[in-house]
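K.L.:
Sequence:
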Amino acid sequence: MPLIIEEDGASYDVSVPEQLQAFDDYVETLDAEGRRRMREKVLCVVDESFRERGYFCGLPLKTQNDDGPDFVGYHIEGNHSSRKKEAEEASDKPRLINRWKTRDKNGDRGYVSIYEKDGKRTHCVTYRDTDMRSRFLRLISTYAARQKSNPASAEKKAQEKLCTLISPNKWDDYVLSDMFIEIGKSGVMYLLRKGYPTVAFRSEGGKVNMLAALCMHPLGYYQDTFAGAMVPTDELITHLLFIRADEHDLWKRANHHNPEDPMSGI
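Following UniProt numbering from start to finish, the sequence shown increments by one per residue and tops out at 266.
These are calculated hints, taken from the structure and not from any lab test.
It should be emphasised that the depicted structure is a prediction, and the values quoted were computed from it without experimental measurement.
Heads up, some of the hints might be wrong.
Each computed EDC-like pair below joins lysine to aspartate or glutamate, with the alpha-carbon atoms no more than 20 angstroms apart [said to hold, decoys possible]:
| hint | residue 1 | residue 2 |
| --- | --- | --- |
| 1 | K157 | D172 |
| 2 | K157 | E247 |
| 3 | K185 | D261 |
| 4 | K41 | E6 |
| 5 | K161 | D178 |
| 6 | K156 | D234 |
| 7 | K185 | E116 |
| 8 | K207 | E182 |
All chains should be modelled from the sequences, with the hints used to inform the complete structure.
P.N.:
What follows is the structure in structure tokens.
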């Protein structure tokens, strides 16, 4: 599908490789602010094109690792390598030094962020809305994103594939509850759930110790939802294969959500 970007009297169809290269060459001549403006312009054109074809949620954001296909999230904010380069050049903006999770006296979760500008450092604290309304809106947004972007036929094929990868008992669990347990070589137990982060936990002496909810979308995701660019069972298969092949790499790639965090899906 044609994706036309008009700039400085020139017109580029970025769906055509030759014109995409020409557009890239033009973008490289811009400063950090110019590239940021171009990125927003491209996003608007791509999102509008997707909406015209019934994908009202727009283009999914690219995941934070750079080894995924470039066609997902091209020029998207999630491409952290380009964002890092722009941040270093945009000296007029504070630079993010560090960020960690916190909790206030009422138990509300948030983030402490440290910024630096002109040799001076400042901090700010932001809190995430965790009430039931926001949780419900996340579920509704997930429902809407999948309805418009994930083909049911692809989900059926993914389930057929999963059936060949797990035991009959685990498949029955998945059919009945949309989840099953896989034990890693490390002894960590993983509750793989259709459409939600995988819960890692240990069970010793009759006690269950939840470690984290591991969220990893192989290609991309829709912001403020549990929906990914791939259908739910395909994403679950990815988690399963990582558990069997390289648990360490799964933990390295995934976001770790506290089980109490709404983003854990618990």
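K.L.:
Run the structure past the numbered hints and jot down the numbers of the failing ones, going up.
P.N.:
Hints 2, 3 and 7 not satisfied by this model.
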